[in-house]
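Asks: Each chain, letter by letter, is given below.
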Amino acid sequence: MTDATADDGADGPVVVDLHSSCTTQDVATGERYRATVNGVVEYGVFVDLSENVSGLVHESTFDGDEDFDVGDETVVHLTEIRDNGDLSFELADPDDPETVDRAHDYERTAAASVGDRVGDTVHVEGEVVQIKQTAGPTIFRVRDETNAVPCTAFEDAGVRAHPDVEVGDFVHVNGEVEEREGTYQIEVGSLDVLDGDESADVARRLDAAFAEQAEPVDTEPLVEWPALEQMIPGLRDVARTLRRAVLEGRPIRMRHHADGDGMCASVPVQYALTQFIEDAHHDEDAARHLLKRLPSKAPYYEMEDATRDLNFALEDRARHGQKLPLLLMLDNGSTEEDTPAYKTLDHYDIPIVVVDHHHPDPEAVDPLVDEHVNPYLHGEDYRITTGMLCVELARMIYPGLTDELEHVPAVAGLSDRSKADAMTDYLDLARDAGYDEEFLQQISEALDYEAYMLRYDPGTQLINDVLNVNGDDERHRELVPFLAERADEDVAEQLDAAESHVEHERVANGANLYRIDVENHAHRFTYPAPGKTTGEIHDRKVEETGEPVITIGYGPDFAVLRSDGVRLDIPTMVEDLNDELPGAGVSGGGHLVVGSIRFVPGMREEVLDALIEKMAEAELDEELRSAPQR
Amino acid sequence: MTDATADDGADGPVVVDLHSSCTTQDVATGERYRATVNGVVEYGVFVDLSENVSGLVHESTFDGDEDFDVGDETVVHLTEIRDNGDLSFELADPDDPETVDRAHDYERTAAASVGDRVGDTVHVEGEVVQIKQTAGPTIFRVRDETNAVPCTAFEDAGVRAHPDVEVGDFVHVNGEVEEREGTYQIEVGSLDVLDGDESADVARRLDAAFAEQAEPVDTEPLVEWPALEQMIPGLRDVARTLRRAVLEGRPIRMRHHADGDGMCASVPVQYALTQFIEDAHHDEDAARHLLKRLPSKAPYYEMEDATRDLNFALEDRARHGQKLPLLLMLDNGSTEEDTPAYKTLDHYDIPIVVVDHHHPDPEAVDPLVDEHVNPYLHGEDYRITTGMLCVELARMIYPGLTDELEHVPAVAGLSDRSKADAMTDYLDLARDAGYDEEFLQQISEALDYEAYMLRYDPGTQLINDVLNVNGDDERHRELVPFLAERADEDVAEQLDAAESHVEHERVANGANLYRIDVENHAHRFTYPAPGKTTGEIHDRKVEETGEPVITIGYGPDFAVLRSDGVRLDIPTMVEDLNDELPGAGVSGGGHLVVGSIRFVPGMREEVLDALIEKMAEAELDEELRSAPQR
Amino acid sequence: MTDATADDGADGPVVVDLHSSCTTQDVATGERYRATVNGVVEYGVFVDLSENVSGLVHESTFDGDEDFDVGDETVVHLTEIRDNGDLSFELADPDDPETVDRAHDYERTAAASVGDRVGDTVHVEGEVVQIKQTAGPTIFRVRDETNAVPCTAFEDAGVRAHPDVEVGDFVHVNGEVEEREGTYQIEVGSLDVLDGDESADVARRLDAAFAEQAEPVDTEPLVEWPALEQMIPGLRDVARTLRRAVLEGRPIRMRHHADGDGMCASVPVQYALTQFIEDAHHDEDAARHLLKRLPSKAPYYEMEDATRDLNFALEDRARHGQKLPLLLMLDNGSTEEDTPAYKTLDHYDIPIVVVDHHHPDPEAVDPLVDEHVNPYLHGEDYRITTGMLCVELARMIYPGLTDELEHVPAVAGLSDRSKADAMTDYLDLARDAGYDEEFLQQISEALDYEAYMLRYDPGTQLINDVLNVNGDDERHRELVPFLAERADEDVAEQLDAAESHVEHERVANGANLYRIDVENHAHRFTYPAPGKTTGEIHDRKVEETGEPVITIGYGPDFAVLRSDGVRLDIPTMVEDLNDELPGAGVSGGGHLVVGSIRFVPGMREEVLDALIEKMAEAELDEELRSAPQR
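Protein chains in written order, with this note's numbering: chain A, 14 to 643; chain B, 14 to 643; chain C, 14 to 643.
Chain A on its own, in the form it takes in the complex (with noise of 0.2 Å):
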């Protein structure tokens, strides 16, 4: 070191501003950097000019005045690197105008490669997907567009390392491999927050990899149905997201109807998304984490749920440090009734999706949800069962599951007694894989039985069981029946209570009206509940008459209707019993055949006349008419 290259280099115009990720290989005698003081000794001040430069300003070269604490921000002047590498600066004047950013000309390593890297120090970038911290290191996952990768920071035992970095943010983190116990990390060296084009960079490099991973399975529907057909954009648009959802490492909520079409259409998707979950995050655990399937008993989501389900959402976002999940609505989610609980998620910007055969009302939903298939959006209706769309989901999902479903279609039909044309190939599609219309039949009442008997628990083993999707087709086929004959003696059992206390009128349109107190007349809180109970005896008395039939069957405060023949708007039924009925508040919805109200308690017998009233003047429609009796 002499003084006149010292003297030389600090005429340079301009200062570097070293990134943290530098290395000696970047820096050179003569140049002047930004630093920082990291130490104060007696013949001096060591310096920082990156995570890993460092060097000493010896006294000597010092003017005289200067006092430097620890921390304390410099401009230093590289004089030498000596043979052993260490580095002597001089200071330079720190009010040097121009300062340029250099940044370490690293190799990015893929996130997915690192396996191959032990040992070594690599550079990955990418998004932080998930920040945890543990009793002691703080684990950031960091995930490109191969991969995602946990890296390891340690502030100090329990202390949040960099806790300026959060969750999405896009990050450059440079450290050593390690293996730990047959998985991969990199303990973190530097980890540093990307802005502006860098930011850029990486976002598009990562959003044109999901974009491309999260393109659906090209799949033909099972059958030839153009009622369907105009669906699948609709259907590849959810299957899109769902798979984008997973790539990006956002835990996905799935709501949907306990019942038969209801798992017809939540299992065959929980299958296809917990394959590609796997095989996207390499882990039989993340399934767990990112996946829920959770049975709803309202026909619509209840704000109660609504609640527990934000609540999960954000106890898990502070304790895992997971994203907020995308609510994923299945059979359910379609109607006006659904949108307070849709205002409470927004509030939090999680994403909704929904696939529905109810009743829409698209002006109240849409606005609220990013994808809404339900075929009544295409003039078609709920004989396109969400179970037969959900089957097409999956295949879009997850290549390879077509064998595995093609029973499923025609259970969901069944289950909701869809009068579809297109049953027949459904049907003859489940028969080609082995099950006889008889046998489907019994795995829809199984399946009926099963969700009344699990009640708020998804039962996933014992329902792929039941539905033979990812399960062990022995069992099923043992279990069914079993099932099947359990639920129909129960049903049997409850109808014997109720039968003779079945009232019946003749009404004013000519159809056959029966009545029954379900709740006095039938055994509680038992399987069949009482709209089952109702149906039961609906289907009976159609029949044995063979003529039009309404059937109600009330309790207390609620009153589950059916009608066969018989053209019931239900929707506006309950808005007129609202205007004439003052304080009964009445609600309730359904289709033309199906539904069901509330009222309180106390307007029951009003409710119910002026109910009966409409009905003796609805119009009857052969159309709607049960097929006869195979």
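What the hints contain is simulated information worked out from the structure, not anything from laboratory work. Among the hints, erroneous ones may be present.
Identical copies carry no separate label here, and so any pair may be met within one copy or between two of them.
[Stated by the list, open to error] Derived BS3-like pairs (lysine-lysine); straight-line CA-CA distance at most 30 Å:
| no. | residue 1 | residue 2 |
| --- | --- | --- |
| 1 | K145 | K305 |
| 2 | K627 | K432 |
| 3 | K356 | K554 |
| 4 | K305 | K336 |
| 5 | K145 | K336 |
| 6 | K627 | K554 |
| 7 | K310 | K356 |
| 8 | K310 | K432 |
| 9 | K145 | K432 |
| 10 | K432 | K554 |
| 11 | K336 | K356 |
Given the coordinates of chain A, assemble chains B and C onto it according to the supplied hints.
Replies: Quick look at chains B and C alone, frame taken from chain A:
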């Protein structure tokens, strides 16, 4: 290596197929072996003969047209074992007809002694009892006749190693013993499913060892009592089955009646099994995974409970790779009403063991269960309570518990008002252990009170203190009188409300009949529940009148029945009511002097009227009078 | 070694008993020591003098007839310390009378600084605060006056090391400091329970340190208010007790009334304690183990809740080796109805702290609780809400929270309709913090709504956002109006149904009496619940009439009472009703203008008639009129 040697060897008559555990000690120059290509290089191919035996086939020995890919199978001829251990091969004719298997002649290490072999490569043979996939390796828990040992195999991070291996397979594991935070594991080198004779050998060895280790403790009953004596062999069978389940790593799910006798039955068995599990598995956590005690509110095993139990078991199997459990029914489980639930479990081959003292239906139950102990099957009755039986059972499961359990049969007897002659002996036994009858009665009341407060929670620690089984003696002495007094106060408050609404009539047979609407004239959702409230009223009336008494406590859809000095054949009454009152949906059952029935709410008046008519004609029976008040 | 030396030494007057932590630095040739045989060999016996001091007694020095077994105790005489450190002993007379203890003169290391001593052997003295058995070692968590440190001791895999050591013991740990994934632990060499003076010394040291560290933050109340001022010392005692519990590693179980004021009380305290726990335990997970906030639906601490709390605590102790918790009752807990639950916990020496503003029964409660803060105990009343008190408490527990809590007392006051003069100051304070009164009112309604939706779940993250304590400000501003509007709509719907069924009469004292059957004329199982529905009707009637109003909302077994301008002495009414109506089982309580009672359903008409009769005679009181509508 010379051509001559090679040619000589190549003429040999057989090809050896080395077992994957073979080492270089199992090969000799001149022999021919089946081999798999594991690398293709410029100068030849590398081949594997077993996990530990590999070598080079130099291309100079090729005929010229060979074209190998990794994974190809071929036959090689060992020409040289070099000084450094490297093996040199030549190609041999792959179509050679005769192949002989050669196993490495290894010495088995007992799983219990791997801790003495840290750092060594050992061979263990046993049954795979659990397979758990971690984010890193797959862990196979292998049990031989001495212990179970975790064996870790790594395929790729989070990827299932040896996907063909299943729980229940008999395997040979070869690998190095490691110590990790004080536990021992084997890092798998090779893991092979045994078949044929080898498998049968291991199975036999385990079976013999388990049979010996499962043998129950040799005990004498606590009291001399011929009625009980004849049930000892059955209890020994149950003890053997339970000990065997523990040894085999099969979880036990215990369901018991949530009352005093049910707790006196289940808590000692839980205690004994916990001790035995800790001994057998050397792991304080094992008892938590392998044993669950669950109170049942209903007097039988409900389908909903069975469905949830099955679902939990299937989830545990999916998640932790555990075996499906054994179901142990205590003070519950002997009746026809239990069979639908049993049939459900039967489809999953879940073993069922029953110890009960309620009136059994062996024809319905026995075909579905593995063991069934019930005093009625020996011409005895409910006076032998399940608690009395299970104290004997607990002592057979684990030695040295006698001193801690001597007071329990007396509590069980008082709880179920047993009129067994042996009660005197049991009370004496308890008194000698420091429990006078008044205090035993308080324990019984405290158990009943806590059963109510805990609902579906077993409350193990708390109940242990109340019953003083594996509890804290000092706390027990304080807690019991306090809880008994709380229970008394709550009963008094309930009776204050109810008493003035008890209706009295003297019926045809001369008995006093009391009826009370326990839903309308008692507090709801509070202790005591309707059944106990009815019982307390009944006891007071018996004492007040000194005459035959029948008491009926009814709600909207149920009635609780108690009698004293009147022979009520409740099952027959239920049958008759069902015949006479179609649509009333009557069900239920009980003993001669206690029972309960259910019906549909709308038929309550009819059912109660018909019931009272039958009771008025029931036979008086002095034998069924309560013992005079002590 | 010479015989001469040995003989000399053997004449010495005392035998030294080395403390287990002693090393060879603590011995000298010529001295005699108590020793334990740890090995018998052909040529002599090996003896232990301490954990670290051992040596050989050669059989050549035996008298001839000695016969030693491992574990025998004897006295030896140190004859030689060899160059390699080995010690040689001779036998000495074991019956020598005088023994002196000798402790290793070690230097204590503060638990907080073990991180600076990795690889060193250190001595730590402290209290065992947790003992956890793992599948490998046993982990003793030892806390000294600076910090807690995990100490791992290994006996055998899964076997409890040092089974004599219990939580609460004062111990001396000697072992090597290890770093494991960023946390420090001591690998136990020796672990001894201290007794006598040594134990007392450590206890004193910890006590002094905790007393100092537990000292609350010095704060000034947010507003000048003499009524509140006098309660500050009591709140400081509570703050001290809670801080001390945290320092001692005792979990805190917080139960609070599930309404607006209850949340305004509990959420700030939860926030402050969480911060303090993280500081004291350097572990983000600690707060999850050490603090639980649980809403209580009932207005008092139910036995069922207490039973479950106790059961959880006992399970946690059994499973995680934790101390039993401290119970903190907020906005709940001052009444006689709480005492049965308190007595249950008392049997387990669980400390109880109460901050409440409901009418207290200090005679019943105070003997059972450690601290009891309630405005009535200072001649004040419910106008000082628990939320107001607990904001002061939170500020005493953790510094720097003032800015985040300034709006909370105003929300608490609005929620409980406090008529305190200080409300003006609180509203001003909130307005200065950016919350106008309308928005505060909305927060109150949103809290009430979410309390209903969350039921038994604390919903911490969600409630933090709603109340904006440790929440997200932007989300808070969006969420509150949305939830308040939802609540309003649900109230409107409920009132629509109810309003036409409200019955009116003018009673003797001139007040307007309104009654409504809220079970029959309102929707069940939906927001608002009957109490709130009654309140809303009442508020409307007060506004409509401008006159004194009494409102009764009743169901099958309860009635909710509200009055305005009428002095209802509800406790006295309950007492009188009970006297007049035996068998009605009336219970309940309340303030002067709000209350609720329960009764058995069958006596409803009688109870309501008698109640109205009393109300008709109640005194009108202008002081109890609502403030004019703002």
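Asks: For each hint, tell me whether it holds in the structure or not.
Replies: Here is what the structure says about each hint:
1. Taking the shortest Cα distances, K145 and K305 sit within 30 Å of each other both inside one copy (21 Å) and across copies (21 Å).
2. With identical chains, the CA atoms of K627 and K432 are at most 30 Å apart within one copy only, with a shortest distance of 26 Å there and 52 Å across copies.
3. In this assembly of identical chains, the alpha carbons of K356 and K554 never lie at most 30 Å apart, being 43 Å within a copy and 33 Å across copies at closest.
4. In this assembly of identical chains, K305 and K336 lie within 30 Å of each other by CA distance both inside one copy and across copies; the values are 14 Å within and 24 Å between.
5. Taking the shortest alpha-carbon separations for K145 and K336, both the intra-copy value of 12 Å and the inter-copy value of 27 Å come in at or below 30 Å.
6. For the homomeric pair K627 and K554, the shortest alpha-carbon distance inside one copy (21 Å) is at most 30 Å, but the shortest distance between copies (36 Å) is not.
7. In the homo-oligomer, the alpha carbons of K310 and K356 lie at most 30 Å apart both inside one protomer (20 Å) and across protomers (27 Å), since each shortest distance falls under that limit.
8. Taking the shortest Cα distances, K310 and K432 sit within 30 Å of each other inside one copy (25 Å), while across copies they are farther apart (43 Å).
9. With identical chains, the CA atoms of K145 and K432 are never at most 30 Å apart, being 52 Å at best within one copy and 46 Å at best between copies.
10. Taking CA atoms no more than 30 Å apart as the test, K432 paired with K554 passes inside one copy only; the shortest distance there is 20 Å, against 54 Å between copies.
11. Taking identical chains as interchangeable, the C-alpha atoms of K336 and K356 lie at most 30 Å apart only when both belong to the same chain, with a minimum of 19 Å there against 43 Å between chains.
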